[in-house]
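*Asks:* Assemble the whole structure, with the sequences as input and the hints as a guide.
Next come the chains, spelled out residue by residue.
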Amino acid sequence: GQQVMQIPQYQHVQEGEDFTTYCNSSTTLSNIQWYKQRPGGHPVFLIQLVKSGEVKKQKRLTFQFGEAKKNSSLHITATQTTDVGTYFCAVYFGNEKLTFGTGTRLTIIP
Amino acid sequence: DARVTQTPRDKVTEMGQEVTMRCQPILGHNTVFWYRQTMKQGLELLAYFRNRAPLDDSGMPKDRFSAEMPDATLATLKIQPSEPRDSAVYFCASARTGTYEQYFGPGTRLTVT
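Listed in order, the protein sequences are those of chains A and B.
Heads up, the first sequence is in my numbering, so the first residue is 9 and it goes up one at a time.
Heads up, the second sequence is in my numbering, so the first residue is 296 and it goes up one at a time.
Read the hints as simulated data drawn from the structure, not as lab findings.
The structure presented is a predicted model; accordingly, all values stated were derived computationally and were not measured.
Ideal placement from N, C-alpha and C gives every residue a C-beta, glycine not left out.
Some hints could be false.
[What the hints assert, rightly or not] Derived, one-sided and incomplete: chain A residues facing chain B with beta-carbon distance under 8 Å:
id : residue
1  : Gln41
2  : Gln56
3  : Ser60
4  : Phe96
5  : Gly111
*Replies:* Written as structure tokens, this is what we have:
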């Protein structure tokens, strides 16, 4: 089936360093969502992108949708311990079924 | 602050036993999803409903899993008989038709021994 590839699988950063996770698809996407799941928690919706080249910011988080709408990234500036968790991209492929990427697990070294 | 609720939060059972998980979607949300999360497979969609009608359950093992919505405030996921490979966290999520944001419940952590 259709899927999105997410990299890296794991990322360990020093507190204060930046972090980026990427989502890639072989097909053009109509939308992409990002979720965050804290350890032991549940996925929480962060944002949805739908336009080519779209860039949205939420405080230290910057989300981008590629010009070709085949990739997306989430960038966190100056990570904090509260950023710990797994970040998932997710895509609707033409219906209401949300397909999740494999996730990037972020750990912060204080 | 509206939330999806799920019960039980944790369930340990022996192989062969029936397991029932319950979910109360956010009031006014008419689309309900069941997901399963494991380390190996990640987040998988099992089934979803709109206005209580099942729309897709292709992600669910049909022989042992069943999902229903007896009313708009309750969704259930049953496993009978349960097997050790069913051990996972099961999430319910709800959404309002026309919006794509899904709200997840806290999950039920199932352990089958």
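*Asks:* Each hint: holds or not?
*Replies:* Cross-check of the supplied hints:
1. At a threshold of 8 Å, the smallest CB-CB gap from Gln41/A to chain B is about 7 Å, leaving the interface hint in force.
2. Against a cut-off of 8 Å between C-beta atoms, the interface hint on Gln56/A holds, since the closest Cβ of chain B lies about 6 Å away.
3. Contact between Ser60/A and chain B, as hinted, is not supported at the beta carbon level, the nearest pair being about 18 Å apart and thus beyond 8 Å.
4. Satisfaction of the interface hint for Phe96/A is found here, the shortest Cβ-Cβ separation to chain B being roughly 7 Å, below the 8 Å cut-off.
5. The criterion of a C-beta within 8 Å of any C-beta in chain B is met by Gly111/A, whose closest approach is roughly 7 Å, and the hint holds.
Consistency with the previously given hints fails for number 3 only.
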